[in-house]
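Model the placement of chains B and C on the given structure of chain A, informed by the hints.
Protein chains in written order, with the UniProt record's numbering: chain A, 1 to 318; chain B, 1 to 478; chain C, 1 to 291.
Mixed in with the good hints, there may be bad ones.
[As the list claims (entries may be wrong)] Keeping only pairs whose Cα atoms sit at most 25 Å apart, straight-line, the calculated BS3-like set for lysine-lysine is: (1) B/409 <-> C/128; (2) A/144 <-> A/116; (3) A/303 <-> B/327; (4) B/138 <-> C/70; (5) B/40 <-> B/63; (6) C/70 <-> B/425; (7) B/138 <-> A/49; (8) B/327 <-> A/53; (9) B/409 <-> C/62; (10) A/144 <-> A/49; (11) B/327 <-> A/263.
[Said to hold, decoys possible] Derived coverage of chain B by chain A (criterion: at least 3 residues anywhere in the stretch with Cβ under 8 Å from a Cβ of chain A; other residues may be distant): (12) 6-18; (13) 393-401.
Calculated directly from the structure, the hints in this document are not laboratory data. Everything numeric in this text was worked out from a predicted model, so none of it was measured. All C-beta atoms in this analysis are idealised placements derived from N, C-alpha and C, irrespective of residue type, glycine included.
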Amino acid sequence: MTTTDSGVDTLADVTSSEDRLRRFLLGLPGVDQVGAEARAATLSTRSIKTTAKAYALDLAIQMIDLTTLEGQDTPGKVRALCAKAKRPDPADATAPQVAAVCVYPDLVATAKYELKGTGINVASVATAFPSGRSSLAIKIQDTKDAVASGADEVDMVIDRGAFLSGRYGLVFDEILAIREAAGDAHLKVILETGELVTYDNVRRASWLAMLAGADFIKTSTGKVSPAATLPVTLVMLEAVRDYHEATGLHIGVKPAGGIRTAKDAIKYLVTVNETAGPDWLDPELFRFGASSLLNDLLMQRTKLATGHYPGPDYFTLD
Amino acid sequence: MSRFEYAPAPESRAIVDIKSSYGLFVNGAFVEATDGKPFKTVSPASEEVLAEVSEAGPADVDKAVRAARKAFEKVWGPMAGRDRAKYLFRIARLIQERARELAVLESLDNGKPIRESRDVDIPLVAAHFFYYAGWADKLEYAGAGEDPRPWGVAGQVIPWNFPLLMLAWKIAPALAAGNTVVLKPAETTPLTALAFAEICQQADLPPGVVNIVTGAGRTGQALVEHPDVNKVAFTGSTAVGRAIAKSVAGTDKAVTLELGGKAANIVFEDAPIDQTIEGIVNGIFFNQGHVCCAGSRLLVQESVYDEVLGRLKRRMETLRVGDPLDKNTDIGAINSAAQLARIRELAQIGEDEGSERWSPECELPAQGYWFPPTVFTGVSQAHRIAREEIFGPVLSVLTFRTPAEAVEKANNTPFGLSAGIWTEKGSRILWMANQLRAGVVWANTFNRFDPTSPFGGYKESGYGREGGRHGLEAYLAH
Amino acid sequence: MPTKDSGRLEVRKTYKLYVGGAFPRSESGRSYVVNNAKGKFLANASQASRKDARDAVVAARKAFGGWSAKTAYNRGQILYRIAEVMEGRHEQFSAEVAASEGLSIAKARGVVDASIDRWVWYAGWADKIAQVVGSSNPVAGPYFDFSLPEATGVVAVLAPQESSLLGLTSVIAPAIVSGNTVVAVSSFERPLPAVTLGEVMATSDLPGGVVNILTGSATEIGPWLASHLDVNAIDLAGIDDLDEARELEAAAAENLKRVRRPADEDWAESPGLSRLTQYLELKTVWHPIGV
Numbered sequence: 001m002t003t004t005d006s007g008v009d010t011l012a013d014v015t016s017s018e019d020r021l022r023r024f025l026l027g028l029p030g031v032d033q034v035g036a037e038a039r040a041a042t043l044s045t046r047s048i049k050t051t052a053k054a055y056a057l058d059l060a061i062q063m064i065d066l067t068t069l070e071g072q073d074t075p076g077k078v079r080a081l082c083a084k085a086k087r088p089d090p091a092d093a094t095a096p097q098v099a100a101v102c103v104y105p106d107l108v109a110t111a112k113y114e115l116k117g118t119g120i121n122v123a124s125v126a127t128a129f130p131s132g133r134s135s136l137a138i139k140i141q142d143t144k145d146a147v148a149s150g151a152d153e154v155d156m157v158i159d160r161g162a163f164l165s166g167r168y169g170l171v172f173d174e175i176l177a178i179r180e181a182a183g184d185a186h187l188k189v190i191l192e193t194g195e196l197v198t199y200d201n202v203r204r205a206s207w208l209a210m211l212a213g214a215d216f217i218k219t220s221t222g223k224v225s226p227a228a229t230l231p232v233t234l235v236m237l238e239a240v241r242d243y244h245e246a247t248g249l250h251i252g253v254k255p256a257g258g259i260r261t262a263k264d265a266i267k268y269l270v271t272v273n274e275t276a277g278p279d280w281l282d283p284e285l286f287r288f289g290a291s292s293l294l295n296d297l298l299m300q301r302t303k304l305a306t307g308h309y310p311g312p313d314y315f316t317l318d
Numbered sequence: 001m002s003r004f005e006y007a008p009a010p011e012s013r014a015i016v017d018i019k020s021s022y023g024l025f026v027n028g029a030f031v032e033a034t035d036g037k038p039f040k041t042v043s044p045a046s047e048e049v050l051a052e053v054s055e056a057g058p059a060d061v062d063k064a065v066r067a068a069r070k071a072f073e074k075v076w077g078p079m080a081g082r083d084r085a086k087y088l089f090r091i092a093r094l095i096q097e098r099a100r101e102l103a104v105l106e107s108l109d110n111g112k113p114i115r116e117s118r119d120v121d122i123p124l125v126a127a128h129f130f131y132y133a134g135w136a137d138k139l140e141y142a143g144a145g146e147d148p149r150p151w152g153v154a155g156q157v158i159p160w161n162f163p164l165l166m167l168a169w170k171i172a173p174a175l176a177a178g179n180t181v182v183l184k185p186a187e188t189t190p191l192t193a194l195a196f197a198e199i200c201q202q203a204d205l206p207p208g209v210v211n212i213v214t215g216a217g218r219t220g221q222a223l224v225e226h227p228d229v230n231k232v233a234f235t236g237s238t239a240v241g242r243a244i245a246k247s248v249a250g251t252d253k254a255v256t257l258e259l260g261g262k263a264a265n266i267v268f269e270d271a272p273i274d275q276t277i278e279g280i281v282n283g284i285f286f287n288q289g290h291v292c293c294a295g296s297r298l299l300v301q302e303s304v305y306d307e308v309l310g311r312l313k314r315r316m317e318t319l320r321v322g323d324p325l326d327k328n329t330d331i332g333a334i335n336s337a338a339q340l341a342r343i344r345e346l347a348q349i350g351e352d353e354g355s356e357r358w359s360p361e362c363e364l365p366a367q368g369y370w371f372p373p374t375v376f377t378g379v380s381q382a383h384r385i386a387r388e389e390i391f392g393p394v395l396s397v398l399t400f401r402t403p404a405e406a407v408e409k410a411n412n413t414p415f416g417l418s419a420g421i422w423t424e425k426g427s428r429i430l431w432m433a434n435q436l437r438a439g440v441v442w443a444n445t446f447n448r449f450d451p452t453s454p455f456g457g458y459k460e461s462g463y464g465r466e467g468g469r470h471g472l473e474a475y476l477a478h
Numbered sequence: 001m002p003t004k005d006s007g008r009l010e011v012r013k014t015y016k017l018y019v020g021g022a023f024p025r026s027e028s029g030r031s032y033v034v035n036n037a038k039g040k041f042l043a044n045a046s047q048a049s050r051k052d053a054r055d056a057v058v059a060a061r062k063a064f065g066g067w068s069a070k071t072a073y074n075r076g077q078i079l080y081r082i083a084e085v086m087e088g089r090h091e092q093f094s095a096e097v098a099a100s101e102g103l104s105i106a107k108a109r110g111v112v113d114a115s116i117d118r119w120v121w122y123a124g125w126a127d128k129i130a131q132v133v134g135s136s137n138p139v140a141g142p143y144f145d146f147s148l149p150e151a152t153g154v155v156a157v158l159a160p161q162e163s164s165l166l167g168l169t170s171v172i173a174p175a176i177v178s179g180n181t182v183v184a185v186s187s188f189e190r191p192l193p194a195v196t197l198g199e200v201m202a203t204s205d206l207p208g209g210v211v212n213i214l215t216g217s218a219t220e221i222g223p224w225l226a227s228h229l230d231v232n233a234i235d236l237a238g239i240d241d242l243d244e245a246r247e248l249e250a251a252a253a254e255n256l257k258r259v260r261r262p263a264d265e266d267w268a269e270s271p272g273l274s275r276l277t278q279y280l281e282l283k284t285v286w287h288p289i290g291v
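Bound-form chain A, shown alone (with noise of 0.2 Å):
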């Protein structure tokens, strides 16, 4: 790898050339698929019980962005949603709450004013989500609305199709360009990997958001299938720490879509912890977008403290 003895200084030089871009991701070492879905599939036997699981679930219902976007959402679902955010667990004050509300832009605003004072974040997709299909000014402009209504984060969609053809400079442009419309609300970038196919597209993509400005790296809109998967998240935990040791900043990762257990959601906090590392154990570097999850990860939680399993009408459907 390139970076490691390379500072800030020299990655800042790798996006000043559209050539120099497209050489330093190509030069980006290979993944093998194989191996990097058997490293995953051998994380994913770790056995985590007791004060461990107690700890993991606590943790990854904090590490939640809460999320619903459908074409049917309304102001009500969203405030409904917006409760649960606050208040997990009816039954049991000490269920923490969640990091995020995810939602379409025009929704934002409801969020904003049911969940103010919480410290609970609203995140918005923005960009033409999910697709990516429009215009740049389009694009800026719905992140512009989003961060108007009061989104404290701007989940954007990269455009695969320019990423696919090698275009990678345009990519990183509109990134740049929504980083500053974004102004300072997080930025989110999805990479779509479900399109995006190879690990070695991935980690190519992981590193020219990063350059381009991402505060975290997402895998999916959750619109396309494969979204979020336990290899993809490696590989981009692989980019994230990678980056950090060449310039010591610390970027986020997200895995959205598909994460539906207590238990693929420890999996996934394994994998962070032994890849990564302990830093990113921290809703500030590690979410889940996911609405389902969130359940289950009650349910474990009640089963833990209780011990016996709870049903699924002891816990809100919102």
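Quick look at chains B and C alone, frame taken from chain A:
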């Protein structure tokens, strides 16, 4: 809690029922030894005595060979291949059914992590029996002529590093080909072989087809030197393999030997770096490095040396050393006090010869036999730790500049069992694979095993192959 | 050798060793009398010493890299070339075999025919054996896994004592066809066809050192070859004494040589593949399959 500390997650021991003492398994029954002294087998993780095991003396070995001969002549030899196949399929199924129990027993007796005994050893054991079961009625297609014949009685001696897996490598092809066997497990790890004897009983395998004689070197010697043994198969050290080769000189016995190694694991500058680090770790720390094909010599291209070493050390800091039965353990106990002493001695020699020794911080249990994962840097070909098989979690790191230099260093050893290549360049992989004098070459992977895949060495790593059609051929006269 | 009736004084041949593509005398300066089957003087042959054996192993090792790296097609052509060149020396071989083995000239011609045909048979195996003994292995995982045969290295051959040409051919050809190099000790009492075979090899595009032929005593030289740590395999075909064979096998164990034990062999019979495969190593290569 500010850190994600994994709580203990021990696999339950309750599933295994270890008897206080075991006899020999001869002619379908457990019998007392007549001319050997009992010995104890301990858990290397705790030094707790697990059971007392009989030592088979020459007279006991003779009884076992006679039982095997009789079974060969009266039952197993004449039996239709399809029926031998069905017995082997039965055994495979029984192993799957008792997989958890066998995994726990293996980890207890051997010290290897339950993650490996559960996910690697025991599934491969069942797979081997399944694979060779299917050969039993197809021998005429095995490449040993139109009318292939079994040798007769096979005398088999196996090591302690993969006790039940090595048993499977030996017994499955032998029985499929129509031989009967007398097998001696290693003295420090007899328990899963004795559990296998019970499985033979559960399968209603005819008496005498499989005989298990426990003991140490003396028992093994009596077995391989027995005049009525037709085929000798041994896995273990090169020193013992050499002695066996000498002892069978001038006889008609067929011999296969799977011996030591000092494999080069070669990392080029264009390697897929994260998978390479995993491959290095798996290459040397899998099964505590008690692996004849372990990637114990890391050859790194000089241009990426610092980076590879940095990443390797960081990765090693996440290795979890401890209780073999804990499901989160990556590195278990060293198998015996003697082996621990050998590893310590060679590590000391490494330091004395001027190599730099490094291990991650790791707390080792007070009881039992333990050695931390260790890397030696600044090693040259002349150092003993670069030439001798350490058979422990100790990696020697050397460097190279060109592919030709990598080949030269990799081949500069009397061994020739395995090698690893890490590069994204396809033509270089094939060139390297071609040049390396080793029986198994793993490119962009390491320590993979499969019943269909022939395994065995060049030069002083032994002769003959185990696995695949070639492994079957070793049990057919031709 | 046959005398001439023309009155011209014949030029007699000096029978020398064949090492590294050259024809040296024994470094020991020794030679020994070779008689025909009726005990009549035929020639003096060089009597190879342990040092000649040592030099021959060095030559064989040096030749191994190049010979084993040649394409199988090329090796096959060279073996076939040996047969072609032998055909041109048919009469000479026949005379030597007849004299050495006490056969009628007609029978000796038959032996030479069979020897030439055996080279042709083995020549054809060069580019086929890998397909017969190699395999693609269907492992239970995302890996491409294949096994290929490769030459073992340097093979020491103690050639049959009785069958001076057909036997010799039958022990050398299966070793070199796959890329091994050979140090052969000829029949002690019947070395002349072996020397002539060396001359054929020297003019058959066979690289020097691929086959090295020592005339002399297997009993004397055998132990040095059996215990030589740079020899990878040994064929004991020419050892008739069982105790001697056992000692050689035991010595060969020192570096785990692949040992071909002596056996009752009818060299006229179809040889099968067992000798060819005896000097092969199987190499298995794994690689992941992924995108």
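**Request:** Taking the numbered hints from earlier one at a time, note which ones the structure violates and give those numbers from smallest to largest.
**Result:** 1, 4, 7, 10 and 13
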